[in-house]
Amino acid sequence: MPQSPPELLTLQRSLGEILTDSRGVRAAVGARPRALRWIAAAPPLDAPTRLSVYGDGYFLRLLEALTSDFPAVKRALDEDAFRALAAAYLETNHSRSPSLADLGESFPSFAAAHPLARRHPFLSDLARLERAVLTRLFTARLPALDPEAIKSIPAEDWPRVRLILDPTVLLLKAAWPVERLWLRRELPLKAGGRILRRPNARWLLIYRDETWVKVADISRREWDTLRRLQEGARLGAVLAHAAKALADTDAAQVQRWFSSWVAGGLIKGFAHDGSWADAKTTAGGSGLGPRARRSRRTTTHGRNRHAANDLRSRRTGSA
Amino acid sequence: MTEQLGIGLGLRASHYDHVLSRRPAVSWFEAISENYMGLRGGPSGGRPLEMLEEVRGRYPVTLHGVSLNVGSADPLNRDYLKRLKRLVRVIEPAIVSDHLCWTGVDGRNLHDLLPLPYTEAAIEHVAARLRHVQEFLGRRILIENVSSYLTYRQSEMTEWEFLAEIASRADCGILLDVNNIHVSAVNHGFNALDYLDGIPRARVGEMHLAGYSDEGGFLIDTHDHPVSDPVWDLYAEASRRFGRAPTLIEWDDKIPSFERLEREAARAAEVRDAAVPA
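Each protein sequence line maps, in turn, to chains A and B. The numbers in the working numbering rise by one with no breaks, and the one at position 178 of the first sequence is 178. The numbers in the working numbering rise by one with no breaks, and the one at position 250 of the second sequence is 569.
Be a bit skeptical, because a hint or two may be false.
[Unchecked claim] Restraint-style ranges between C-beta atoms, simulated for each label pair:
id: 1; chain 1: B; residue 1: 457; chain 2: A; residue 2: 9; range: 25 to 35 Å
id: 2; chain 1: B; residue 1: 578; chain 2: A; residue 2: 32; range: 46 to 56 Å
id: 3; chain 1: A; residue 1: 210; chain 2: B; residue 2: 487; range: 47 to 57 Å
[Said to hold, decoys possible] Negatives, chain A to chain B, calculated, CB over 10 Å:
id: 4; residue: 13
id: 5; residue: 21
id: 6; residue: 78
id: 7; residue: 80
id: 8; residue: 89
id: 9; residue: 119
id: 10; residue: 136
id: 11; residue: 199
id: 12; residue: 200
id: 13; residue: 203
id: 14; residue: 245
Everything labelled a hint here was simulated from the structure, so no lab data went into it. Here the structure is a predicted model, which is why all the values come from computation and not from measurement. Don't be surprised by glycine CBs; every beta carbon is placed ideally from N, CA and C.
This is chain A alone, in the form it adopts within the complex (with noise of 0.2 Å):
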């Protein structure tokens, strides 16, 4: 691939710099004139005139874009803090992505460090929801769990069977309710449920069914439980772990978590291979690390036809 023309890539620096800068185009060209060398003289409409046109775009279409997949940040901070809050974020984070939809990416970290958290300090908490819940928009799900595919694993071998939890399956841990923000989100301001005046710990799971994005806010127990068994760990070691923190409870809750994750759609599939020992995984990934992905027997078969039964009685909310 030959080398690009070098005037070209002046001219494209000179105009990336003008349309980008945060102060409009106007100043822009004020502080750097030379870059108008570039446009040929058109009147009626001066150059900076005909430039705006693009300047102005910019900034808008960004601004758009994040207050698509922030509508609940929007909604909390009213718009002209959403702005600012915006503006600033995009002077220091470029776009640098084919798709809008990466644009939000260091959001969440960006809010957490603003001025505006201070005043607000779920904003932080809300932000990474909002993130969270556009990142399983983007994850393919698995096909639905075969019910022979439960049969098929013999009895004595369940102990050390690993789940396989649908690639949509997110853990977030929030020190505010911000589902309830969440769930507000496209609601009118005099609606009310704004903002959240007092903390309060949440254990939230994130995951899409076939329909769109589920928020459940979870107890601390099956949330641990549902993080061990996406970490790879044995089920036998996790319902050990399991009864024993609910041993003054309710032991039958663990079956009851079980019969949910299964209908909701979030059980994939089950890997029982003794050779994956030392399997890792990651958030959102498929409950497995690279070594168990090569090496394991996985179950899965056809369409979700049990989604989101149990998950009901919770509270949950779709995107």
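With chain A fixed as given, assemble chain B onto it according to the hints.
Using the frame of chain A, we list chain B on its own:
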């Protein structure tokens, strides 16, 4: 063969339910490629791709990109090309297209379609890159003329000469956006018919129609209005010159009901049929 596609509509998320549940009698849909490629570093297109696959199971689909950045001084984005190739493999589109423009430089994406200087050096640069893209994808693509609001002092030729020469040297097709020709003709004061006359018939593989906003005589390609009367007239002229090329109705903002889009498509068919009887 693509001539048989007829009049298509842009596929927008707000219409997924209607398209999949009602199965309207639309000849084909155009999908914006980047919407189905997934997130950076992610392995899949997720829910949007699932929806597109469902639509593809029922209709012909074309893929239209906005971020190939073929006119940029930056190297071609290998990751983007790989994702596009993967999408093409999954969807098996009737047509793959993008724009004759630059969309960013130094790795920064402006998410806009900026015009190029119409120079010999730019022709060489873009044609070489298009050849590479086609070789990588293993198929011919179409390149679309963009609407523009400025021109460059360095330009050595007209836009249509630039477009035709690039298509010839890259051996690619042309997606002729009739609305963009009208918008640029008004904004820069050239004759739109001269533009049509400068485009080689054999290269035109598709046409686009859309609506614009009139800002006091300066036109902005907003895709939020019905197709205007001057553009319908220009489409008739284009159809007489280029035949019954597949034609798309684009409507991306203030998106109306699906029925309104279908009426716009029906009018396009009437205009085309009057200009080029079947």
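Results for each hint:
1. In this structure the supplied range 25 to 35 Å holds for residue 457 of chain B paired with residue 9 of chain A, their Cβ-Cβ distance being about 30 Å.
2. For the pair residue 578 of chain B and residue 32 of chain A, the beta carbons lie near 49 Å from each other, so the given range of 46 to 56 Å is met.
3. The hinted range of 47 to 57 Å is satisfied by residue 210 of chain A and residue 487 of chain B, whose Cβ atoms lie roughly 48 Å apart.
4. A beta-carbon of chain B comes within 10 Å of the beta-carbon of residue 13 of chain A; the shortest separation is about 6 Å.
5. Listed as a non-interface residue, residue 21 of chain A keeps its Cβ farther than 10 Å from every Cβ of chain B; the least gap is roughly 12 Å.
6. Even its closest Cβ contact with chain B, about 24 Å, leaves residue 78 of chain A beyond 10 Å, as expected for a residue assigned away from the interface.
7. Separation of residue 80 of chain A from chain B is adequate, the least Cβ-Cβ distance of about 23 Å exceeding the 10 Å criterion.
8. Distance check on residue 89 of chain A: its Cβ is at least 15 Å (rounded) from any Cβ of chain B, clearing the 10 Å threshold; non-interface status holds.
9. For residue 119 of chain A, the shortest C-beta to C-beta distance to chain B comes to about 30 Å, beyond the 10 Å cut-off, and the non-interface label holds.
10. Non-interface call for residue 136 of chain A relative to chain B: violated, since the shortest CB-CB distance, roughly 8 Å, does not exceed 10 Å.
11. No beta-carbon of chain B comes within 10 Å of the beta-carbon of residue 199 of chain A; the shortest separation is about 30 Å.
12. With a least beta-carbon separation of about 30 Å from chain B, residue 200 of chain A lies farther than 10 Å from that chain, consistent with its non-interface assignment.
13. The claim that residue 203 of chain A lies off the interface holds: its Cβ sits roughly 24 Å from the closest Cβ of chain B, which is beyond the 10 Å cut-off.
14. Residue-level check passed: residue 245 of chain A sits 34 Å from the nearest beta carbon of chain B, beyond 10 Å.
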